[in-house]
Structure formats: C-alpha cells, structure tokens
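Enquirer: Position chain L against the provided structure of chain R, taking the given hints into account.
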Amino acid sequence: MIKLEAPQFITRHVLFALVAGGVGGVIFMFFLLEFDHYSSSNAFCTTCHSMTYADDSYQASPHYNSPSGVRASCGDCHVSEGIIMATYDHAIGTKDLIKQMFGPDYDDPVVNLLHLPEAAFAARDWFRKRDSATCKRCHALDAIQGTRANTAAIHQEETAGKSCIDCHYNLVHRQVPSEQTFKREAWNAMIEEEFGLEPGTAAELLATE
Amino acid sequence: MMCFPLRPICRWTEVLLLVCCAIGSSAALAAKVALDPSNWGHPEGENCVSCHEKSSPGLTQQWHDSAHKVAGVNCLDCHQAEPAEPDAIEHEGQIIATIVSPKDCGRCHEQEYEEQEGSVHAEAYAIIKDRIPALAHNVTGSAMQAAGCDQCHGSVVKVRGDGTLDPATWPNSGIGRINPDGSKGSCSSCHGRHAFSKAQAREPSACVRCHSGPDSPDKEVFEASKHGMLFAAQRDQMNLHSDAWVAGKDYTAAPTCTTCHMGAAGKIPTTHDVGLRNAWNLNQPVSYQQYLVLLEDGSKLELPATEKPPKRGSEVEKADGSVAKVKAVISPDRRRSVMSLVCLECHAKGFTEGFMTQFDNVVELYNTKFGEPAEAIMAGLYERELLTPLPFDEPLEFIYWELWHDEGARARHGASMASPNHAWWEGMYLVGRNFYSRFLPEARAVAGDQAEAIIDPVLSSSGQHDWTDDPTQANPILGWMPTPSPRAGDLTTQSDASTETGAAVASAQEGVTDRDPEAAAAETSSEQGEPVSGVVPNDTETSRTSEEATQ
Chain R
1 MIKLEAPQFI TRHVLFALVA GGVGGVIFMF FLLEFDHYSS SNAFCTTCHS
51 MTYADDSYQA SPHYNSPSGV RASCGDCHVS EGIIMATYDH AIGTKDLIKQ
101 MFGPDYDDPV VNLLHLPEAA FAARDWFRKR DSATCKRCHA LDAIQGTRAN
151 TAAIHQEETA GKSCIDCHYN LVHRQVPSEQ TFKREAWNAM IEEEFGLEPG
201 TAAELLATE
Chain L
1 MMCFPLRPIC RWTEVLLLVC CAIGSSAALA AKVALDPSNW GHPEGENCVS
51 CHEKSSPGLT QQWHDSAHKV AGVNCLDCHQ AEPAEPDAIE HEGQIIATIV
101 SPKDCGRCHE QEYEEQEGSV HAEAYAIIKD RIPALAHNVT GSAMQAAGCD
151 QCHGSVVKVR GDGTLDPATW PNSGIGRINP DGSKGSCSSC HGRHAFSKAQ
201 AREPSACVRC HSGPDSPDKE VFEASKHGML FAAQRDQMNL HSDAWVAGKD
251 YTAAPTCTTC HMGAAGKIPT THDVGLRNAW NLNQPVSYQQ YLVLLEDGSK
301 LELPATEKPP KRGSEVEKAD GSVAKVKAVI SPDRRRSVMS LVCLECHAKG
351 FTEGFMTQFD NVVELYNTKF GEPAEAIMAG LYERELLTPL PFDEPLEFIY
401 WELWHDEGAR ARHGASMASP NHAWWEGMYL VGRNFYSRFL PEARAVAGDQ
451 AEAIIDPVLS SSGQHDWTDD PTQANPILGW MPTPSPRAGD LTTQSDASTE
501 TGAAVASAQE GVTDRDPEAA AAETSSEQGE PVSGVVPNDT ETSRTSEEAT
551 Q
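These protein sequences, in sequence, are chains R and L. Quick note: the first sequence uses my numbering, first residue 1, plus one each step. Quick note: the second sequence uses my numbering, first residue 1, plus one each step.
If you are wondering where the hints come from, they were derived from the structure by calculation, not from laboratory data. All figures in this text were calculated on a predicted structure; none of them were measured in a lab. Heads up, some of the hints might be wrong.
Stated by the list, open to error - DSSO-like, lysine-lysine: derived pairs with alpha carbons at most 27 angstroms apart:
(1) L/K226 - L/K267
(2) L/K308 - L/K318
(3) R/K129 - R/K183
(4) R/K162 - R/K136
(5) L/K69 - L/K54
(6) L/K349 - L/K249
(7) L/K267 - L/K327
(8) R/K162 - L/K54
(9) L/K103 - R/K136
(10) L/K318 - L/K158
(11) R/K183 - L/K103
(12) L/K158 - R/K183
Stated by the list, open to error - Going by beta-carbon spacing under 7 angstroms, a handful of chain R positions derived as facing chain L:
(13) I154
(14) Q156
(15) W187
(16) M190
Glycine residues also receive a C-beta, built at the ideal position from the N, C-alpha and C atoms.
Only chain R is shown next, with the shape it has when bound in the complex (with noise of 0.2 angstroms):
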C-alpha cells in the first residue's frame, strides 16, 4: 500500500493559501461568469439614459420581436462568447462608461444622435474583425431559408468571402449610412430638421464639445 505523504514545502499555510485560493478562484469565476451575464443584459446596458435612444430602436426591430418567440440581448450581439472574450469586450466597454461620465452628454437626444455614425462605425468593424461571430451564436448560414423564393440560394451561393455584417448592417439599430459615403453635413441637417434646430447648430455642438 502506497501512502501519499504531502511534500515538506506544503505548510499548513500553504495548504490554506491553496485552498482560499482555489475556493476564491472559482468564486472569482462563478462572479465573472455572473457579472458578464448580467453585465450582458438590457436591464443593466439601459442603466445608462443614453442607451435607451438604441434601446427603441431595438426594441422595434424583429430581435427583439421575433415571431419564433426568440429574443436577442445586447450582449448577445455585442459582447462575445466565451468568459475570456467577455470580460475582455467589458473591459474594453469600459470606455463608454468614462465616455458617458466625462464625455459629451450623451443622455441629450441631439448630441446622441450626433455621435450615432461613430458608434455605428465601430460597432461594425467590432463585428467584422470577429467575422459576424456573435450573429453565428443563432443564425447558421447554411439553414437560412428566409420567407421568400430564394432567400436560401442567395445565403448559399452569394456569400462567399463576406461576413453577416457585410450585408446586413442598419437591422437592429437606427439607420447609419455606410462609413465610406457618411457625409456629416447631410447627417447634421437631418437631426436639426428633426428636432427643430437652426441651421448650423449640430456643428456648434460638435465644436463647443
């Protein structure tokens, strides 16, 4: 019979730091599991006033409202998978966080909608460089029927060498021209003629910031 003998080196106070850590350790990761869940979810993104302007626009697009009954989070779209890449999208999320605190006032529906193309730029190169990965939690390419007649042919022989977000940008949130034909002044005119503004005020707003 063999007898397992512990090796010198472990002191009881090894033996504890061992066992805190690893009790502390799987804490830690049941609370960033738990953290990016709820760091994931509407409730928590809406938390900020600013967000509730994407959150109508969400809130009116067929994620959220599916006929199947199967609804999109933000997170679902906009934080990866994995613990890993989770907490690293919310770290790097973090910069909203010090934008919305220091930053401009996001929380006013003007200065929002000013800086909706950045976000929208941004958003879609974050899905780019990840190859649509998020879209591809629900939707697999080669099971895509579509409601009309060649919906399925276009997924299966029009799509290669192109990511979900090539196509389908402007689906969920309000629409943001492309980056390459954004043209500010346009984008400027049309938030002064919807909230009433003078001509040329978006642009002292912008500058003043």
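Expert: Below, chain L without anything else, positioned relative to chain R:
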C-alpha cells in the same frame, strides 16, 4: 443602341437646317453612342446579376432581354456612384446610387441627354413648383403631391442624412424630377426600366401615364382620332422593333405620339426635346404661340410670341430662376413648319395646311370667346376684391380653373390631334356650357351690382356673345319645339294665311311653353292628320316622326 449602323443623312431643308443645327441634333436615328466600349462592362457587374437573378428576378430578366445586355452594359455601369455623390450608398461592397439620372444615362447617350435637358419636359417640375401648394396642399394635402403631381411633373428628390431617399419624394419617375446630382428629369418616365425597349417607348402607351385624364387627355384624343384608329388596327405593321424608325420610310401604318413630337420623318431628325415642334402653348388660360429660345448654356426656354423676341446676347430668366444669355430664337412658324413636315410624309401640303388652320381657328376661338373674357372677368373680380387672392376658397375659382385647365385644354388638344369628339363634346361644348351656365351666373353673383361694370363690357367687347341678346330665336335642337314667332309679314306670304292660323300658332306656343316637352310632342303629333298650313312646328314634327318611322 451603340451597335446600330447610322443611316447616312442626306440633304436638309432650309428650315430644318436652321432648327436642327441650332439644337445640335443631327441624326435621323437615335444617336450613336460615341463613348468607347471600354467604358462599360464593369467586372463586378456580374456579381450584381447573379444575386439579383434571385432577389429580384423580374427586373433582372428585363435587363437580360435588353439591348443594354447585348451591348455588355451591366448594373454597375449605370448604378455605380462616387462616394461623394449625395445619394451614394454602399451596397454589397460597391458604391452605388439607386437613382440613375439623365446625367448618368447621358454618359453614353449624350445627345439624348442634351436634348432632354433643354426640353419642356425637363422643366415640368419648375413650371408648376409655385402652384403646387394651392391645390396639392391647401385643397387636399401634401400626400397628394407625392402620389399625384410629382409622379408626372417630378419631385425634388430628397436624400436624407441617413442616406435613405425620403418617401415623400421617392419613388418617383416624373419627367421633370430634380435629381440629387442636379440634373432634371427621368429617362425611365418613358423608357420602362430595366428593358429600355425601343419598341415600348415608341408605343403611345409610353406617354399615357401622364398624358391622359381630364386636363391633358392626349391618350383619349389620340385613340379617338384617325391616327389612333389606324394604329390600333395596324399595330403589327408599325415596325416598332426596327433600329431605324423613320416615318414614311420604316413605317407608314400610323403615327404615334413619338412620330410627330419626337420622331424622325423624312429628313427631320429625331429629337428628345419633345416640345420642339409645338407652336402653341395649349395649357394656359389663354393660349399663345411660343418662341423657342436657345440659350448659351445649352438649355432652352419658351417665351410667349405675344411679346417681342429677346435679342441675341440678352439675358433672360429661366424657369428655375437662373439667368442665361440668348443664343438664338426660333419662331412659332418655324416650329410649326417642322411639325408640318412630319405630316407631309403621309398627307398632301394643302391637307396639312388646312388641318393646321382648323386647329389654329379652334385655339383662336377658345381664346377670344372664352379664355380672354373669362380671364378679364376674373381679373376684374380680383381687382375689386370681390374675390380673395387665395385660390379655391370660392366656388367661382373651381369653375374658372376647370374652364381653362380641363375643358379648355381638352378642346384645344382635341383640335390639335384631330379628335372631333374631344374638340367638341369633351372640349369646347363643355367650355361653352361651363361659361354660360356656371361661370357667368356665378361671376354675376359674385360681382353683385358691379356686374354691369365688370362683366358686361367684357362680353360685349368680345362680340361673340351677342347671340344671347335675342332670346326669342328658337331652334329645334332641344327636342321640343318652340319655333320663332312667325312675323306678320311671313304669315301673309304663306299660302292661306289667316287670323285663325295665327291664333293656332299662338295657342300652340302657349301650350309648349306651359307644358312639359312630352305632352307638347303628343299634342303636335295628334294633329298630324290635319296639318295647319303655316305652322312650322307641325311640319317639322311630322317630317321627323315619319323619318323615324322609316328607320
């Protein structure tokens, strides 16, 4: 179109030389595309086709069937855009624009673009821009501008800041559309996309979407004319798919809208300036003949020939408010002579001149008898503030509007294109009915005790309304029969004139004026067996009923 051989052009007539050189059109066929083929056939275009065969198979099939496809022109050749263009969007990796403007088409179809851009069609929006609110916004609502006015006249296409096209202005293929690139018009107004078939554009139906209905019933007028009759019966002989389509040479079966207003005929070249050959403006309260003013900047302008022609080199204001220098002025007579040359392919000179005289006479009649007096009466009522300046808040304004804009236009168009029914029953008859039974009574009511000052002088100065001064002049047209009271002299010259017959006439007239027409007719026919000589009603009635009996 780029692959069609260009028919050699021979000699020109003097008139044509002047007009045609001035407007720069030179070919009897659609102009040959001068651009080198290396400029089209975008390699990425194949990808568009592959996907759109599935996503929008209808329009893709139309393209497959088109001359564009045969020539190697694909989606991107027309839809490609520069990112800086106002309506540029990113689509599947390409920068494109939904709207293909005349300027875009003009990259290849230069001559057509130049002609169209200087035509009255291109000004269709500018012409009514200031008037739109009165009807489209006040009387109805702005939704009607998008769905009504703008669909023919063209919208000012608005690109929103988010890159989308404002649905208040798009979709639209109005002929005077103001495009995001600044060009005017829409080729697809007449040339159905995406087949862009020559044959389709040569059909009268190409014009019908706008040139129909109460105010410009050209569809109805054409169909009711001998030209339309022949077209319907001999459409299969129209050679509509032919590359060359010169009236009198490539087809003789019938003319279409295109034939007279745009088409090549004999030595007259084709033109995309659709108003070029029109001497008159027929859609005004009072018609006037028009100069065609060619401007230094390549555009054109129509000015009333009632005024002096502008001098060469002088500056004139265009419909869109900009100013340009005058290069040349073409008189209404010259415009008419070009139109007449089309007629001469099928008609003799005397016939053509006679027709034009009949047409001109109708316009003159409308002008002098109804248009000018009605305009003067309205002006009088406005001047004396008996009408508010706001249009359509008083019934008389609708009456006046329909008089010239609908009924009057219909009469003039009917005469211009030889539909007797539209010249008369649908046109001038309604003008007359409106003028005497609606316009004048309402105008008198509005004028009140000033009617004598405002209305009567206008009517008497025209000299064409005197017939109303003698209400005793009878005529059998209304189906019942009060005849002119036989004058004493007439009665005595009749064979057995007597005081008795005179009394009979008097009693017969009393009878018809007091009773309804049917009773009167019954009474007269009951007397058929014993005709009273000298009593015209009975004679007329007898002959009419016997005529009916033989039918």
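Enquirer: Are the hints correct? Go through all of them and say.
Expert: To see whether the hints hold, each was checked on the structure:
With a C-alpha separation of about 24 angstroms, the suggested pairing of L/K226 with L/K267 holds against the 27 angstroms cut-off. Of the pairs offered as hints, the one joining L/K308 and L/K318 holds, with about 17 angstroms between alpha carbons and a cut-off of 27 angstroms not exceeded. For the proposed pair R/K129 and R/K183, the alpha carbon gap of about 24 angstroms is at most 27 angstroms, so the pair holds. Proximity of R/K162 to R/K136 is assessed by CA-CA distance (about 13 angstroms); at most 27 angstroms being required, the pair is judged to hold.
Using a Cα cut-off of 27 angstroms, the hinted pair L/K69 and L/K54 holds, with the two alpha carbons roughly 18 angstroms apart. As the CA atoms of L/K349 and L/K249 are separated by approximately 18 angstroms, the hinted pair is consistent with the 27 angstroms bound. The hinted pair formed by L/K267 and L/K327 meets the criterion: a straight-line CA distance of about 24 angstroms does not exceed 27 angstroms. Annotation: proposed proximity of R/K162 to L/K54 holds, straight-line Cα distance about 17 angstroms (limit 27 angstroms).
For the hint linking L/K103 to R/K136, the alpha-carbon distance of about 43 angstroms lies beyond 27 angstroms, and the restraint is violated. For the proposed pair L/K318 and L/K158, the alpha carbon gap of about 23 angstroms is at most 27 angstroms, so the pair holds. The suggested pairing of R/K183 with L/K103 holds, with an alpha-carbon distance near 22 angstroms, which does not exceed 27 angstroms. For a cut-off of 27 angstroms, the pair hint linking L/K158 to R/K183 stands: about 14 angstroms separates their Cα positions.
Given the 7 angstroms rule on beta carbons, the hint for R/I154 holds: about 5 angstroms separates it from the nearest Cβ of chain L. With its C-beta approaching chain L no nearer than about 10 angstroms, R/Q156 sits outside the 7 angstroms limit, and its interface hint is violated. Given hint, R/W187 at the interface with chain L, holds; its Cβ is 4 angstroms from that chain's nearest Cβ, closer than 7 angstroms. The beta carbon of R/M190 comes within 3 angstroms of a beta carbon in chain L, closer than 7 angstroms, and the hint placing it at the interface holds.
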